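Novice: Please build the complex by placing chain B on the supplied structure of chain A, with the hints as guidance.
Sequence lines, in order, name chains A and B. Note that my numbering has the first sequence beginning at 91, numbered continuously upward. Note that my numbering has the second sequence beginning at 47, numbered continuously upward.
In short, the hints are calculated from the structure, not lab data. Since we're looking at a predicted model, the values are computed, not measured. Please note: incorrect hints may appear among the correct ones.
Said to hold, decoys possible - Selected chain B positions facing chain A (in silico; Cβ < 8 Å):
#1 Thr128
#2 Thr260
#3 Gln263
#4 His271
The beta-carbon is built from N, C-alpha and C at its ideal position, and this holds for glycine as well.
Chain by chain, the residues:
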Amino acid sequence: MVTELMDEVLVYDLERHRAHCLNPPAAVVFKHCDGKRSVEDLARLLESELGAPADPDCVWLALDRLDKARLLSPRVRRPPAAGRVSRRDLIRRVGIAALLPVVTSLLAPTPAQAAATCVANCASQPFGTPCSSTAPANCLCACDGSGNCIGGC
Amino acid sequence: MDKLDRLGWAAGLAFDAYGLRIGVRVNRPEALECLSERLPPGWKPSSSKIVDRLFSLWLGRPRGSARGYHLLYAGMVRRARTLSLDEALDTLESDLRQTVAAFSRDRVFVHAGVVGWHGGAILIPGRSYSGKTSLVRELVRAGAVYYSDEFAVLDGRGRVHPFAKPLSIREGALVRRCSAEELGGVCGVNPLPVRAIVLTGYRVAGHWRPVRLTPGQALLALLAHTVPVRRRPRSALRALQSAVSGAVVLKGVRGEADVAARALLARLGAEAPAVARAS
Numbered sequence: 091m092v093t094e095l096m097d098e099v100l101v102y103d104l105e106r107h108r109a110h111c112l113n114p115p116a117a118v119v120f121k122h123c124d125g126k127r128s129v130e131d132l133a134r135l136l137e138s139e140l141g142a143p144a145d146p147d148c149v150w151l152a153l154d155r156l157d158k159a160r161l162l163s164p165r166v167r168r169p170p171a172a173g174r175v176s177r178r179d180l181i182r183r184v185g186i187a188a189l190l191p192v193v194t195s196l197l198a199p200t201p202a203q204a205a206a207t208c209v210a211n212c213a214s215q216p217f218g219t220p221c222s223s224t225a226p227a228n229c230l231c232a233c234d235g236s237g238n239c240i241g242g243c
Numbered sequence: 047m048d049k050l051d052r053l054g055w056a057a058g059l060a061f062d063a064y065g066l067r068i069g070v071r072v073n074r075p076e077a078l079e080c081l082s083e084r085l086p087p088g089w090k091p092s093s094s095k096i097v098d099r100l101f102s103l104w105l106g107r108p109r110g111s112a113r114g115y116h117l118l119y120a121g122m123v124r125r126a127r128t129l130s131l132d133e134a135l136d137t138l139e140s141d142l143r144q145t146v147a148a149f150s151r152d153r154v155f156v157h158a159g160v161v162g163w164h165g166g167a168i169l170i171p172g173r174s175y176s177g178k179t180s181l182v183r184e185l186v187r188a189g190a191v192y193y194s195d196e197f198a199v200l201d202g203r204g205r206v207h208p209f210a211k212p213l214s215i216r217e218g219a220l221v222r223r224c225s226a227e228e229l230g231g232v233c234g235v236n237p238l239p240v241r242a243i244v245l246t247g248y249r250v251a252g253h254w255r256p257v258r259l260t261p262g263q264a265l266l267a268l269l270a271h272t273v274p275v276r277r278r279p280r281s282a283l284r285a286l287q288s289a290v291s292g293a294v295v296l297k298g299v300r301g302e303a304d305v306a307a308r309a310l311l312a313r314l315g316a317e318a319p320a321v322a323r324a325s
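Bound-form chain A, shown alone:
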């Protein structure tokens, strides 16, 4: 499931129940990554749509991130000739960190995780003390030793 939010894109993986938020550079690569365009084509698109320098390493970084999130099919491997550039080097080259592609992922919660409600107080309780979360059934959470509850549903 793909949801566009202004210049970002949110992808929900119905099989793995993972949500991925693509920032504008990652979204541009994702939208135009159709198996026909080359890395250079995508770099030019990044430049025309976002004003980012047409740097193939930015595209490769986006492809790496998208592939890691399993949003590409078939999976993409960076050819050895393309080399690997660190994110720090890319920031230096591009100038603005916001122009680098970022994919933020989240495992969608179960109802128990989303609605975990503790009924006990963790203050002064040692680490691991169950704080008897209530419904839904089988939802358990525990104290973290610092007075907070950590959900373990």
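Specialist: Showing chain B alone in chain A's frame:
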């Protein structure tokens, strides 16, 4: 017939809440009297004998050397076995709310505190013990309208509906129930568009210096607290997308709730024209 069904149930009630029909059966009719206060906000009695979810509350009675435990079942799963009737009823109350949140057909429940402010809703998503109720309480004291301290109930257009159960204020190991009226506030009645989403948690000596999030980051943050996202991802995402589309989204730690509440309302007041333009 299951063993549980043969126990000899004397009375029961059925009700509708947020598109879900729930039944509760008891072994002693007088138990129904204590139930009405424990049902989820917005419940309406139903005469139907067919329900989506069934709870069974067995009130124990000491007999000879038998201690007479109270038993609570959700479907066939035992949820409580206790000598304290209050504990059994507390568990039932909580289970009913969580069941409605998880299985409602026409609403999307997000674990969040909600208040109304100048015709829009302020959502405060977060897990238990993140300080939602404290912030909601202080916002209500500062003049906001109380909507919920547990769930933001979203419709398909992203509007928030009230889920105004009494606030559960933790005082040490105890939980005190407190109505909005006791805080000098009122409960909201009408659905509101989301005006602000506040992602925050209490930190000792923390200062409220929030940063703004993009709609995508906001949607992802809300998703982490959305109860039915796995069961109904399409409708959940549609509701969340509508909710974040016109909202200011702020993230940051806070110190004391009263200070943060005043600062938050002041900031939203300052941003009001921009919000109006965005929406």
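Novice: If a hint holds in the structure, say so; if it doesn't, say that too.
Specialist: Each hint tested on the structure:
no., hint, result
1, Thr128, "violated, 12 Å"
2, Thr260, "holds, 6 Å"
3, Gln263, "holds, 6 Å"
4, His271, "holds, 5 Å"
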